[in-house]
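Colleague: Respectively, the protein sequence lines represent chains E and X. Using my numbering, the first residue of the first sequence is number 3, and each one after it goes up by one. Using my numbering, the first residue of the second sequence is number 3, and each one after it goes up by one.
Because the hints were derived from the structure by calculation, they are not lab data. The model shown is predicted, which means the values in this text are computed figures rather than measured ones. Don't take each hint at face value.
Copies of one chain are not kept apart here, so a pair can be met inside one copy or by any two copies together.
Think about it this way: if two alpha-carbon atoms lie no more than 25 Å apart in a straight line, the pair counts; the simulated SDA-like pairs of lysine to any residue are [stated by the list, open to error]: (1) 77 with 99; (2) 215 with 286; (3) 32 with 10; (4) 240 with 95; (5) 97 with 296; (6) 266 with 318; (7) 209 with 171; (8) 67 with 96; (9) 97 with 175; (10) 215 with 173; (11) 199 with 267; (12) 199 with 268; (13) 67 with 97; (14) 67 with 103; (15) 175 with 98; (16) 31 with 69; (17) 123 with 135; (18) 240 with 276; (19) 209 with 281.
Below, each chain spelled out in residue letters.
Protein chains: 2
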Amino acid sequence: MSNFIPNQTALVTGCAGFIGSNLVDMLLKKNWNVIGIDNFSTGKIEFLTFALKQSNFKLHKVDLKFEEHLHKLMKDVDIVFHLAANADVRFGVEKPRIDLEQNTIVTHNVLEAMRLSNVKKIVFSSTGSVYGDSYLYPTPENAPFPIQTSFYGASKLACEGLIQAYCEAYEMKSWIFRFVSILGKRYTHGHIVDFYKQLILNPHELKVLGNGKQRKSYLHVIDCLSAIEVGLRGSNDKINIFNLGFDGVCEVKDSIEWILERLKINPKITYGTESRGWVGDNPLIHLSIEKISSLGWKPTHTIQEGVESTVDFLIENQWVVK
Amino acid sequence: MSNFIPNQTALVTGCAGFIGSNLVDMLLKKNWNVIGIDNFSTGKIEFLTFALKQSNFKLHKVDLKFEEHLHKLMKDVDIVFHLAANADVRFGVEKPRIDLEQNTIVTHNVLEAMRLSNVKKIVFSSTGSVYGDSYLYPTPENAPFPIQTSFYGASKLACEGLIQAYCEAYEMKSWIFRFVSILGKRYTHGHIVDFYKQLILNPHELKVLGNGKQRKSYLHVIDCLSAIEVGLRGSNDKINIFNLGFDGVCEVKDSIEWILERLKINPKITYGTESRGWVGDNPLIHLSIEKISSLGWKPTHTIQEGVESTVDFLIENQWVVK
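Isolated chain E, as found in the complex (with noise of 0.2 Å):
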């Protein structure tokens, strides 16, 4: 029943990222045979220094946009964890096909090739910003049908939708998370990389995108990872859609000051005006965690700690903002 099982055979998209990597390792330690896939858009080979010793690791450069014998790779695998993806909310607005291409199209395309090589699991990293603005918090699973606010988010139902489609036609089964941010080692892109470059290159000064009461709830990756290992092996519906998420929520500005505490410096902060740091922002992020914690999992990481994580793993390896 349980589908989580050392000697499976995952394959891992968008391995080298920042979630996706440090999956890899985890699977490997618990004796998976893992197949990575990155196309190194984002992706980093440095965060697969542990996997690429590993005699159960295969690595592949493969861009999903594109690859036409995907299915290929798929031959042997029992479960494939789709995390590749357009990952930074802000720039739908400018760029309004990235996260039609790099999130709806791509999971298609591994869809596609799951079903041409028989694979029946997925695993999705799926975000919080599905429900847009939503009107109920901490927001359950099942809150009322969600209006998009970004490209991002709307990508990301698009994919769930995919999803639940091929599961539906072809005796799939999915378990889709809908993450909030996400923190710790490998962290890469969000507003703690953003003010952390900012305040390298000149630490009296720090300028916040919004007016920094902003209230969202962030998650450790390694509380993100247990939680997907507590949902393979507790539900084994054929969709299972769970909220990963922090119970509680802090404001931009609490974010801010653990971070200039751990860098010891006390620039002069500018806020903007306006309650949404960009367009697509949602001012409130809290969701419900109710469903994952009913099978008995729990964060052990506050949000102040998985802050402060990410900013030592920033201060040692500066390379990562470079």
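Position chain X relative to chain E; hints supplied.
Modeller: Just chain X now, with coordinates in the frame of chain E:
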């Protein structure tokens, strides 16, 4: 405030289709200028017989999948009615890329052309299929977060998300109408055509997909168009979403009875055993029409009248099914 104003210029995609051509005729009769676009893959030039005689109608044969110059056609357009789509729910399982290409990607292309030419209003034909197998009947617009059961529904959901993201990003406005199946003059696909084709070939036998107990709501195309007008006149939010349907359902068996009465034949009927007619079919579609009704709209044709007028149209226009 009203968005339904004569002498405006409308661009209608899918203008030679069933609903599109009826819409074009209505707009022309109400003194709109209409630019019609169709690739004639399923659209029929015969449906534009009236339109082509009018000086306020221009027709362009364009395939929206590939058109890079679409925005040039939108120069003086006030509002886009985007009806072009793969409208057949059933064939997704055989060709899972059709709905992605003809619905999701085409809708992106239309929105992108609107952005480039600064057109700010879009009317979109979505579908009750986006609710998947809802657990709430009659299903309201804010039903719980849906799970998709068909490639068609998934693609229309993706279109809705794209439209919403464009509205958020570029100050557009949208009217999204979630249709039940539409009946009436120029109906060219769906179960009545399927039955009619079978009965032309062999009036002694009728094979039905599913057990005939699927319960569905249907709406006459005239009522569909009047609802679009009412929605445009009466609702002016950034994103306006309305179910369009009939406050009641019929079983497939009922509609077969009406069809056979109209044709004055009495074939042997063979039903399937499944509650779904095909993979992705929803055994019950019944949308709440409270929201559009609250603006003063009321359907003027019963489901039975819709079925009968469709059969009458097919009898008088047998070329449609050939």
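Colleague: Evaluate each hint against the coordinates.
Modeller: Going through the hints against the structure:
no., hint, result
1, 77 with 99, "between (31 Å within a copy, 22 Å between copies)"
2, 215 with 286, "within (9 Å within a copy, 45 Å between copies)"
3, 32 with 10, "within (10 Å within a copy, 65 Å between copies)"
4, 240 with 95, "between (35 Å within a copy, 17 Å between copies)"
5, 97 with 296, "neither (40 Å within a copy, 39 Å between copies)"
6, 266 with 318, "within (15 Å within a copy, 83 Å between copies)"
7, 209 with 171, "between (49 Å within a copy, 22 Å between copies)"
8, 67 with 96, "both (20 Å within a copy, 22 Å between copies)"
9, 97 with 175, "between (33 Å within a copy, 20 Å between copies)"
10, 215 with 173, "between (45 Å within a copy, 24 Å between copies)"
11, 199 with 267, "within (14 Å within a copy, 77 Å between copies)"
12, 199 with 268, "within (15 Å within a copy, 77 Å between copies)"
13, 67 with 97, "both (16 Å within a copy, 19 Å between copies)"
14, 67 with 103, "both (7 Å within a copy, 14 Å between copies)"
15, 175 with 98, "between (30 Å within a copy, 17 Å between copies)"
16, 31 with 69, "neither (29 Å within a copy, 50 Å between copies)"
17, 123 with 135, "between (31 Å within a copy, 22 Å between copies)"
18, 240 with 276, "between (42 Å within a copy, 19 Å between copies)"
19, 209 with 281, "within (17 Å within a copy, 53 Å between copies)"
The structure does not agree with the numbered hints 5, 16 stated previously, though it agrees with the rest.
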